[in-house]
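*Asks:* Listed below, chain by chain, are the residues.
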Amino acid sequence: MRAENPRPSGSLAQLLRQQDFVGGLMGIGLAAFAFWQSADLPMGTLGGIGAGMLPKSLAVTLGLLSAALVLDALLAGGPTIDRWPIRGPLFVLGAVVAFGLTVRPLGLVVAGPLAILIGSLASSEVRWKETIVVGAVVTAACVGLFKFALGLPIPLAPWLIGY
Amino acid sequence: MPDLIGNLGLGFATALTPMNLALCFLGCLVGTLIGVLPGVGPIATIAMLLPLTFKVEPTGALIMLAGIYYGAQYGGSTTAILINVPGEATAVVTCLDGHAMARKGQAGIALGIAALGSFFAGTVATLVIAAIGAPLTRLALLFGPAEYFGLMVLGLGLAIVLARGSVLKAIIMVLSGLLLSTVGTDLETGQERLTLGIADLSDGIDFAVLAMGVFGIAEILRNLENPEARAVVRGAIGRLLPSAADLRKAFGPIVRATGLGSVLGILPGNGAVLAPFASYTLEKKLARDPSRFGKGAIEGVAGPEAANNAGAQTAFIPLLTLGIPPNAVMALMVGAMTIHGVIPGPQVMTKSPTLFWGMVASMWIGNLMLLVINLPLIGLWVRLLKVPYRLMFTIILLFCCIGIYSINNNPWDVYFTAFFGLAGYLLIKFGLEPAPMLLGFVLGRLMEEKLRQALALSEGSFMTFVQRPVSAALLMIAAAIIVIAVLPAVRRGREEAFRE
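Those sequence lines, one after another, are chains A and B.
Here the first sequence is numbered in the numbering used here, starting from 1 and rising by one per residue.
Here the second sequence is numbered in the numbering used here, starting from 1 and rising by one per residue.
Fair warning: there could be bad hints in the mix.
What the hints assert, rightly or not - Covered, in the sense of this in silico footprint (three residues per stretch, anywhere, with C-beta under 8 Å from a C-beta of chain A), are these stretches of chain B:
| id | segment |
| --- | --- |
| 1 | 325-336 |
| 2 | 428-437 |
| 3 | 455-467 |
Hints are computed from structural coordinates only; laboratory data are not their basis.
Using N, Cα and C, we set each Cβ at its ideal position, and we do this for glycine too.
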């Protein structure tokens, strides 16, 4: 694997495209964050382990090993990330969050089509008419299935019919 | 032996009530329906369909859930064969020869042999569970905290060795998972840990939320990036039933794979994931003409599919006998059991024998049902797969949202799913495999509990893990497999094995 990949020439832009370099940095970040957040928790003793013992020791180990991964990437190079598309993640995650925001106050009849509309933007082949029809049909099917057939307590349209 | 028959009799009496049969059928059907969607593997399917089982009584709920699981497995194989999109790591192998067969116009035979092989494997695996379930449970009762801890360390060790990519990265993922599992209220001291002051995190991160983000949402993002990889088989499906010659060719691989899968599935640490790969490699080595593999060899579909199903089923053994979930699917089962007030572990078999044996028997019935419902319904799945992905993924997305919201009726779960979806996408980008992280997360809380108990008993001395022979042996095996995996010679072999 390694042999196919060019050695890093050291420029920051190139480093940031290296999987292991960025991945290791993420690990260090997670470890540092966890250590900072658990700083106030008591360690306890080995015979009576406190709440902070595990988070802290895990964070330290994770940080050290992630640093090793970064170091390995610096010295040996490794596979690179070719592209960072924004469109997909933005609209897919946006659709999920929009669903979460609207499902309680506005109900499934709004949250469903909304999630499908926003989500459809994630693909470069959007077709509006098609999307609207799918949004309506699938939401109707979900209402029938989840609300009426299975009786899940998901709100339908509280602003219109009260539940 | 009379025990075995009596127990299975009890099981079948439970599973064959009209209600439970209907639940098993329904589970298999919707499991296949969702599992067939491209990029939706068993983990995402179960996380999505968990709320369906909430209103059913515990035995029925678990039977239905098991049905969903097998349905999702089989649906995944269908997608792998027909459009070359593996829903999960284990279906990757099926893609190779299954899709090649489909392109040759033998999609029907590939699907048929997958179903038959899975059924055979499922039958054997059910017997394995019934036979060694009881003795293992007795063994489990002898386990103290130190032994449990050792066993879970071994599970994590196996997960590290079985992950693709470097051992270092896999260890990093396990540690991340363990760290995530500490989020929430500390069970012993009641202190909040790493909750960032968010009240909805005080119970910890919901496993279904994490799994749905990392496997459901992130998989959508991955598939959106590679639109060219999807190619629905346009040609005819052809006949479904394999010919006598096909069966003769496939029989040996199915039997060998069933053995392999059954053994690997029992291992803690998701040994089942290795089963299809192992079977494929084995059959390729044994074949008179290995060059046929990858070009539509029926052995290359029959073996891995049987291995996959056997492993998927014997993976229930560590869960039902020891209470240790060996993989993400079993962890979701723990979640479902806990919701119904059943704590998985050795006591399940003695305290609720109808539940235990009913579930075991329903595994076999579920496998039979899959054979019966899927072969005639394949035309339907094919039509479903012809829906373009630009429409399909929005529907999958909505199902994910509804499923996750319905687990706790909490919008925060939906936000966290989006967050873990992003995290899972980054992991894909960074070439970090999520499976070891999931297992670390799954075992984290139990491991901490057992570690604390063991150290409290030994008054803080780590020697207890070494002095007790069973825990010492388990820890030594765990250390040994990791050391072996990083040895240069083995590392090369491992890379080759994963490249297949």
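*Asks:* Are the hints correct? Go through all of them and say.
*Replies:* Comparing the hints with the structure gives:
1. For the segment 325-336 of chain B, the assignment as covered by chain A is violated, since 0 residues bring a beta-carbon within under 8 Å of that chain's beta-carbons and 3 are needed.
2. Requiring three or more residues with a Cβ within less than 8 Å of a Cβ of chain A, the coverage given for the segment 428-437 of chain B holds, as 4 such residues are present.
3. Requiring three or more residues with a Cβ within less than 8 Å of a Cβ of chain A, the coverage given for the segment 455-467 of chain B holds, as 7 such residues are present.
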